[in-house]
Amino acid sequence: MQNLKRNKMNTVFEKQNRSGPILFSKYDEGSGIEKALSMDRNEILNELRDSKLKGRGGAGFPTSSKWMIVAAANDEKKYVICNADEGEPGTFKDRVLLSEYPELVFDGMTIAGFTIGAEEGIVYLRGEYTYMLSYLESYLEKMRQSGRLGKNVLGKEGFNFDIIIRLGSGAYVCGEETALIESLEGYRGEPRNRPPYPVNTGFMGHPTIVNNVETFALIPHIVLKGGTWFCENGTDRSTGSKLFSVSGDCENPGVYELPWGTTIKELLAIVGAENAKAVQVGGASGVCIGKKDFNRSLAYEDAATGGSIMIFNDSRNMLQILKSFMEFFVEESCGQCTPCRIGNVKLLEGVEMIEKGEFTFEYIEKLKDLGRTMQIASKCGLGQTSPNPFISTLENFKEEIFKSKAEGALT
Amino acid sequence: MNTQTELRSPMSQRPHIISKAKDRTGIGANVGIEVNGEKLSVPMGKTILEICRENNVHIPTLCYHEDLCIAGNCRMCVVEVEGMKTLQAACAFPVTGPVKIRTFSNKVRKARKHILDLLLSEHYGECYSCVRNNNCELQSLAKEYGVDGYEFGHVCESRFEIDKTSHAVVRDMDKCILCRRCVRTCIDLQEVGVLEAIYRGYDTMIGTFMDKPLADVICINCGQCINRCPTGALHANDPSDDIWKAIEDPSKHVVIQTAPSPRAAIGEEFGLPPGTSMTGQLNTAIRRMGFDRVFDTNFSADLTIMEEGTELLNRLKSAIVDKDKSVMLPQFTSCSPGWVKFIEHFYPEHLNYLSSAKSPQQMFGAVIKTFYAKEQNIDPKDIVTVAVMPCAAKKFECNRPEMNSSGYKDVDYGLTTRELAKMIRETGLVLPELPKSNFDEPFGEASGAGLIFGATGGVMEAALRTVYELVTGRQVPFKNLNIEACRGMEGIKQASVKLENCVEQFSFLEGVELKFMVAHGTANAKTVMEMLLKGELSDFHFIEIMGCPGGCIGGGGQPIPTSELIRKLRAKAIYDEEASLPVRKSHENPRIKYIYEKFLTDGPCGKLSHKLLHTHYQKRGKFIS
Ligand SMILES: Cc1cc2nc3c(=O)[nH]c(=O)nc-3n(C[C@H](O)[C@H](O)[C@H](O)COP(=O)(O)O)c2cc1C
Ligand code: SF4
Ligand code: SF4
Ligand code: SF4
Ligand code: SF4
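These protein sequences, in sequence, are chains V and F.
For the first sequence, this note's numbering begins at 1 and goes up steadily by one.
For the second sequence, this note's numbering begins at 1001 and goes up steadily by one.
Derived by calculation from the structure, the hints in this document are not laboratory data.
One or more of the hints may lead you astray.
[Claimed, not checked] Here are the simulated lysine to any residue pairs, SDA-like style, with alpha carbons at most 20 Å apart: (1) F:LYS1085 - V:ALA304; (2) F:LYS1107 - V:ASP369; (3) F:LYS1110 - V:GLU365; (4) F:LYS1252 - F:GLU1441; (5) F:LYS1110 - V:VAL345; (6) F:LYS1039 - F:VAL1099; (7) F:LYS1409 - F:PRO1432; (8) V:LYS368 - F:LYS1252; (9) V:LYS323 - F:PHE1152; (10) V:LYS366 - F:GLY1146; (11) V:LYS265 - V:ALA59; (12) F:LYS1164 - F:ASP1242; (13) V:LYS368 - F:LYS1164; (14) F:LYS1498 - F:PHE1540; (15) F:LYS1164 - F:SER1129; (16) V:LYS366 - F:HIS1154; (17) V:LYS366 - F:PHE1540; (18) F:LYS1110 - V:ASP369; (19) F:LYS1046 - V:ARG194; (20) F:LYS1085 - V:ASN396; (21) F:LYS1085 - V:TYR300; (22) V:LYS323 - F:TYR1202; (23) V:LYS291 - V:SER392; (24) V:LYS366 - F:LYS1245; (25) V:LYS403 - V:GLY357.
[Claimed, not checked] Heads up, incomplete: computed chain F residues facing chain V, CB under 10 Å, no partners named: (26) GLU1054; (27) HIS1058; (28) LEU1062; (29) ASN1073; (30) ALA1111; (31) LEU1178; (32) ARG1200.
Glycine included, each C-beta is placed from N, C-alpha and C at the ideal position.
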């Protein structure tokens, strides 16, 4: 962050020398909107379908399907929501996009508004990013002044669109789209039952698309250059490129734009981390991958991630890493449903038992089994994924973790 | 129940909007599904749980309650839906296609057992020392799933102080499983909203504003949360020990009055089906328990009708003849203490609409400690009055400081139906097998009008029977005196009756269309109040409001569980019993005539009545200090 020039009244962010196939390539402010407005809505949806773009927030749902449902919905109000809650540990690529490429994100939202027939866009900005607020507000103001937002956007008769920014207050679960909507509506940030999905019953009961910052940022490029072009990068089932937030034991941590399908080994070489022993892919709720699996590729169909890559070298204690993840989930569970509210505590207790050497393998197996129940019985993605590190770390790093631990008595 | 848009609870806890079938492919049209291999044809849009219940497939639930919105948070009801990676909560999953469902596969049973294990690991309480022993949903599920140990440990010490500050509701959060039924009850059903989940994750708990004791927040004491709590985390403040003490004390004359609704429900506590009336047996049980007298609250319900009805006629006269602008119409009933506290908190500037008449419970207390004491030559200080009520709020009401116009506390103890059943069980008496007996004199007779106070609309029906007859000299123009417009479980009912050929005294009412409205549950009360504030009720004359859904038969002190069907059956028991009574109008009750001849000699709403039988209200507002 030392590169961000900060000023008390108005924060200005400077673009760094980044390069990448799509997002970190050249883009003229507003050109995406201009192109979109010259197209038919269905044409945009078709390009989107051809791009096979999947959501970049983690779940990987096809973006075109989401948009098509809302575009087809019959309601006097629809909403475009940009999920900028970026709460997954080890993820900071949305921060880079918002501070350095706001034109991509906001143009993307505006194109979404045009495509689905919405007049309001909302950015749900992570509370910790409050420092960006005045900068983003001033950027939006600039857009309004230049006609890219407001009444009859860029002279397009009848297309009115504006964007507001709302702040979260630090709950990880508010990144889950239905909890995000609850939070926007003024309630406790707790996930809803799904179905109904936000595309049918979203913000204030109206059809709503919720997309990740990165997903929106890709839209102007897809609109400008087409869906087929987009597919030139990536794999068959994971098209395009992906921003990876790389942190941990490496020489060059930071945000990288790489095509999907890059292997972990390749990525480690790029960031200078050849001596890594483990990589946590997908944040706290992702999986921890050991050396022997470093040729796995980063893609929806293999090691999926919303962007978080955490690298650990030999000096790191895997049990401690696992413990900090489980502490995170105990802290961040919304507390609504039984498996997640209590289950995570039990898993954390299990880790502490191993730490103290007071455990039986039988009980640890029982906890893994509990973890599998949490994966299928929890109400939302948080509880459904929180047992992942417990199960994968204890599996993949058995030798290290249990090497020095004698099986002790359960108290 | 109120409609979707009026609900205050978050979407995460609201039911899906399911519109009517538009065509044969849309929501509501039938679709073929499979449940455990059995083929069924069901309307699209129904939830898996609804479908299974209708087809006798049992699915365990904890956070689900049919009176409430769907929460889907306990996860007990998870089932396997073919093609879906995760299990689905049956209560929240609407069927919208030809799904295949398995309700007890290995995965499902294991998940449910895990969930129970987790809940029990956090559950501090012992069944044998718990009010809900043998009537607890957590306990029965533990049995159902063969829980025989604590798989994931167990809390061994209490973490919460029991909140006994409220006269009505005791909160023992050590037993809370966070199903949030109480939260949804308080917000949606009652529109009060004093309970809410606070903190998050493992620290989540059900709390009040600033975590203040229940007595200090704007709880209306309705006890509806108790009735819907699956465990012993919520229960009423039980005075039975003190009552036993009074019974054993030879210097005390212990008098009990029983309200109409408990007798229609107490049988459920003894294994009888809902809607079995136990009036006569209850009298016998009470006598055998050692109470000195057992009286019928229906008598004072008749008294309430005389007072409230007269007050209404007085208001009408002031408004029509004297053109007195300070007289408030419509007049609202005041016999439901939950409703009274609701209006005191939420509409403190509109208390003038309330009738000043006390509730039947309090009127009776005042009469016992004055008229009865004198007639029987007993020092009122030696009289202990107990009121058996379907209600938790009555416990608060009898402790209101203004309820002592007799010079003593009008009613010493409010006892719920559940607590009386417990006292009876302690004696070893088997209620259903006892012989029947009558109420004691001098208040041994009550009219059917008093009896139907127990169901929503009953007060209105009773009042109309009397008011119409006073004004016109004729019986109400309804078949068998049954005013059907007042009956039934619709949230808000309204109707009117034309006053014609009035007697001379009431000639000013000639031709007036008497408009009345009936609402039950304070969520509906809120709707009515909002209509009032918008001026939509300016041509109404009389409005009955009961704080609890269904009226007293659904009161917060009634046997658990409750559901609309159970409430309907209880109401039916009351209406059936009343149809066979010889006297069915309050003003024809000979004991009522007697008390106005002998004691309240300046008549209804006279000076003495005003002192003993009427009260005033407090502008409480919503400010919590
Ligand atoms: C616990 C939890 C946290 C999440 N946090 C985020 C987040 O911070 N940012 C985000 O874009 N999506 C997050 N998601 C995913 C969203 O629910 C949603 O799938 C996403 O915003 C959809 O956008 P996309 O289709 O563009 O990926 C989270 C999901 C879960 C279950
Ligand atoms: S899984 Fe966890 S975060 Fe999600 S609803 Fe349940 S308790 Fe809340
Ligand atoms: S709440 Fe239920 S499970 Fe808990 S102690 Fe009471 S009866 Fe037993
Ligand atoms: S008694 Fe009624 S008002 Fe009080 S907390 Fe329970 S439901 Fe809410
Ligand atoms: S108090 Fe009872 S109803 Fe309320 S959340 Fe706890 S267990 Fe559920």
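**Message:** Check whether the Cα positions of LYS403 (chain V) and GLY357 (chain V) lie no farther apart than 20 Å.
**Reply:** 11 Å, holds
**Message:** Checking one constraint from the list: CA of LYS1498 (chain F) to CA of PHE1540 (chain F), max 20 Å. Satisfied?
**Reply:** Since the Cα atoms of LYS1498 (chain F) and PHE1540 (chain F) sit roughly 13 Å apart, the hinted pair holds (cutoff 20 Å).
**Request:** Assess, step by step, whether the Cα of LYS323 (chain V) is no farther than 20 Å from the Cα of PHE1152 (chain F), and give holds or violated.
**Result:** 18 Å, holds
**Prompt:** Are the Cα atoms of LYS291 (chain V) and SER392 (chain V) separated by 20 Å or less?
**Reply:** Given pair LYS291 (chain V), SER392 (chain V) holds - Cα atoms ~14 Å apart, limit 20 Å.
**Message:** LYS1110 (chain F) and VAL345 (chain V) were given as a pair; does the straight-line alpha-carbon distance stay at or below 20 Å?
**Reply:** With a Cα-Cα distance of about 19 Å, the restraint between LYS1110 (chain F) and VAL345 (chain V) holds, given a limit of 20 Å.
**Message:** With the threshold set at 20 Å, check whether the alpha-carbon distance from LYS366 (chain V) to HIS1154 (chain F) stays at or below it.
**Reply:** Holds, because 16 Å separates the two Cα atoms, which is no more than 20 Å.
**Item:** Hint validity - LEU1178 (chain F) Cβ closer than 10 Å to any chain V Cβ
**Value:** The hint holds - LEU1178 (chain F) has a Cβ within 10 Å of chain V, the shortest such distance being about 7 Å.
**Prompt:** Does HIS1058 (chain F) meet its interface restraint, that is, does its C-beta lie within less than 10 Å of any C-beta in chain V?
**Reply:** 18 Å, violated
**Asked** Is the hinted pair LYS1085 (chain F) and ALA304 (chain V) satisfied, with a Cα-Cα distance of at most 20 Å?
**Response** 17 Å, holds
**Asked** Does ASN1073 (chain F) pass the interface hint, meaning its C-beta sits closer than 10 Å to a C-beta of chain V?
**Response** 5 Å, holds
**Asked** Hey, LYS366 (chain V) versus LYS1245 (chain F), does the alpha-carbon distance stay inside 20 Å?
**Response** 52 Å, violated
**Asked** Within 20 Å, alpha carbon to alpha carbon, are LYS1409 (chain F) and PRO1432 (chain F)?
**Response** 33 Å, violated
Hints 7, 8, 11, 13, 17, 20, 24, 26, 27 from the earlier list are contradicted by this structure; the remaining hints agree with it.
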